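Student: Here are the chains, one letter per residue:
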Amino acid sequence: MLRLPPFDYYAAPSVEEAVAALRDHGPDAMVVAGGTDLFPKMKRRQMEPRLLVGLRGIRDLYGIRRLEAGGYRLGPMATLTQVSLHPELRAAYPGLTHAAGVVSSPQLRNAGTIGGNLCVDTRCTYYDQSYHWRKAINFCMKKDGEICWVAPGSPRCWAVSSSDTAPVFVALGARVRLVGPEGERVIPVGELYGRDGINFLAGKRPDEIITDILLPPAEGWESVYLKLRRRGSFDFPILGVAVALRRREDGTVAEARVVLGAVESYPVEVEEAAATLVGHRLEPDVIEAAAKACFKPARPLDNTDLTLYYRKKMVPVYVARALRRLAGLTDEAQRRTA
Amino acid sequence: MTAPFHWIGQRAPLRDGRAKVLGAVRYAPDIKVPGMLHARLVTSPHAHARVRGVETAAALAVPGVVAVLTAADLPDVPARHRHTLLLARDRVIFAGQPVALVLAADEAAAEDGAERVFVEYEPLPAAATVDEALAPDAPLVWPEGLPGETGEAAAHGADVGGEERPLQRSNVANRVHFSRGDVAQGFREADVVVERTFTTPMVHQSYLEPHAVVVQPDPLTGGATVWSSTQAPFYVREQVAAVLGVPESDVRVVATPVGGGFGGKFLLYEPLVALAARAVGRPVRFVMTRLEEMIAANPAAAGRIHLRLGARKDGTLTALQAELTFDAGCFPGAPVGIAAVLLGSLYTIPHVDIRGVEVLTFKPSTGAYRAPGAPQAAFAIESALDELARRLGADPLELRLRHACRSGDPMIHGKPWPGMGMAEVLEALSRHPAWQRRDDTRRAGRGVGVAIGGWPGGTEPAAAACTLNRDGTLHVHVGSVDLTGTTTAFALLAAEAFGIPPDRVRIVTGDTATAPYAGATGGSKITYTVGAAVMQAAEEARQQVLAIAAEELEADPADLEIADGAVRVRGAPDRAISLGSIAAKTMAFGGRHAPVFGHGRHAETTNAPGFCAQLAEVSVDEATGQVRVERLVVVQDVGRAINPLLVEGQMMGGSLQGIGWALHEALVYDEAGQPLTASWSDYTVPHVSHAPARLETVIVEVPAEHGPLGARGVGEPPVIATAAAVANAVADATGVRLTELPMTPPRVLAALRARRGHADG
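Here the protein sequences come in this chain order: H and B.
For the first sequence, the working numbering assigns the number 1 to the initial residue and increments by one for each residue that follows.
For the second sequence, the working numbering assigns the number 1001 to the initial residue and increments by one for each residue that follows.
Hints listed in this document are in silico derivations from the structure and should not be mistaken for laboratory results.
A quick note: this is a predicted structure, and the numbers were derived from the prediction, not measured.
Any given hint might turn out to be false.
[As the list claims (entries may be wrong)] Just so you have them, the derived chain H footprint on chain B, three or more residues with Cβ under 8 angstroms:
# : segment
1 : 1107-1119
2 : 1125-1133
3 : 1243-1252
4 : 1737-1748
By construction, the Cβ of each residue, glycine as well, lies at the ideal position given by its N, Cα and C atoms.
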């Protein structure tokens, strides 16, 4: 059995008190929501907070509701299961509910939260191992060590952004409200993420808490998410493709966002792919061009399941399949691509 | 006894199924003994290193930690086997090797203590692959000479002869060579030759329940009682007694219900835990973590098979040449011999030359896994034969049938095949709609592949006893561990032999102090050997009951029958005495009848080979390389299906493990011998979602001459052919031949791209 290290647990009664605790304890403190990512990582000593600030008791952080001005507000403590099964969300943001429904396994979706999935730690073969294992290779720069084993000359950490829902939120243009000691602010989801695998949540100060996830009105928007992984359950994404777009009545694309997950330390929005789509109908040659545009910006390395060459090759395949699905061009093989 | 039977052939649910579903079965980790300590290993992070020192003070300071044992605290037992490697003395030879053992009042303290044991290592160069280990200047796993051979392979019937001992010190543990005819001549006669190298990785048995053992030392004798999740209680007794230096009779081994074994649970840490318990004079419980299972257990050996297969234009096989290189890990015992024999013995080929070498590497030692050696061999020969059929334009099933060995044909080691049903199984598959309508399947874009695998079967002496209770029920006493539903089968066999319904029969599985002898549950031999003893015991009990009844009823025993829980005179049902009354008369003060006690003893030495052919239908996503097994037809000769329900369960379970071999599973190590698949996140066992939508079983019954009612072993054969059948189906669907397991999407995609003439990145 792997053992949790000793820590204090503070059941924060309100956002203000949670934020105060984070401010007072600095880097010794961490927030815990569902704990499905954090607790195993604490057992493996990938994270060693002295104080956990539990959000479970803060009523304001729960719930999914339609906003008067249109769109939805998701409480960050809504579970992945709640998001994935929510009938209105399923109708309005199918890419998001699908992404929430393919995270890990049913048990973990029942415990894991949507806010937690936005903040899920980056992953790497050399990092997601027991303490014993990491010690055997003298650790890596993400925790306890000096170098990046996957790119030994690199000054940065290349651990992989592994959230299924983050690419979809970015594609949908969602925003998050952050509350910290100095007040609150609202930023696009994409701005949460930094550009390396260690400081991957650079857009959020450590003493800030996500209190709301705000989805813009869905009217006219379509969305889809496809996930590559070895097995149909349990596994983290080794590629995620999120597409959101709006079509005019004549079928031409008015607006589009194409976002890749698990190919970098952050969700990668490929504007060139979106530009390829805008003004055109979703016809095979347009789809091919958009898919091709995603090949170069995807920069997987040899630090998660299956080979990097394979994962890179799969980028255009999965982007094309995502777009074909929206275009109604789905065939048998694609139907199976989850 | 002849058909029709009353109970044999009924679909009887697993006897302990309800208890398992309800969580009422007590497994080894559930055993609690007063005063019990919990053990945790401190394992080496290096594949090869000198151990400079072990610092235990910090661990001993953890509240609850009672002792930290190192090699210095244990007797200097020679490391003849992996299970007597105990704790590293001065050198470690795989990453995961135990160096110290922490004993504490609870698991948490043991874990905390293990974290605080500091070992000083001097890392040494390690050879992690067979090629590195065979290099002239390779570091030696055993520079002082090879340890003794292992017992597990022999227990699986792998004692196949043909051995040539190595002449010089190297990492070569064993060589085998079998030949027939003149292989050079055979290839001169060939018009078509297929030449390929097939590789299979180390894979893990991946039982749900980890290894678990509790040892209570006996201060009076120096012996111990051992509760273990083991397939081989009598073997555990022998080996624990040996390290404790006590007579076997002073060690009592209780085999707890096994939550999955598949060959991986013969014997591993029982001797170490027994020594630890003795060292501290308290009971010790050791339950492995999944991490320890992945790095410090005994997975299946990796294999590389270079093979040439030649045939004339008319489809006559002329020559087979193969070189097998098995990666044994750090101890000898990889099943290269049995793989070589199976490879060379399936088909009648006049000219054969097969050489095998077993190579030691700085990795965990390997053990048995369901039909050890056979999936590796079948993947090679059955893939090559399929390719040959394609090149010849021949029907792959017909080509197999034409050359399939029959009973009495010589195996490659010269001994004849015992009675077996390879041809019957192939014929049954050829009649199956999935084969008959294969062209429809192909038109739908799927590939169809077939393959066959065989297992020689095992034998071992076994005994059983049968007693009659006052409530008219039978107790049947056996010493075998039930992995596959053998207990349920025994109840049917005893019921049939004695003449009462199976629900009136209880199978009592004893421990090594109380049970009649039975060999380890491995090699597909329990129903075949213990089952025969059970039938004998029940039959003898029946004769004793009839004799008592004859006296009581003043009738000729020949006129008596057992029916409705009583012994009756045939044709005069009012002249009857209940079975309970008979038992009561043998258990009464002053009674004049001796108690009913039937016994069976059995030492069959003729094997009963089991063959299983499979047909796989696959779809291949050519853009992603993802292979999906849509349908699997599993056709197996079981001799006689004592209990078709559980026979089918074995056929399904085995073939699903075969899908793991085919598409998913591999233990991966880096160049330094560091395990990269140390959890079930990284080691990808198949999910229920990988089961084919259609999984069909066809039972073939070619009676085994010496099996109980013709039964032959069932457990091992169904895992053997799956990977080859899937590979052949992929070749059928795409024209691409995969030679490396598992057939992961990157490998399939690379092969598809090579087919298209693209360079692959």
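Student: For each hint given before, does the structure comply? Return the numbers of the non-compliant ones in rising order.
Tutor: As far as the earlier hints go, 2 and 3 are violated by this structure, in ascending order.
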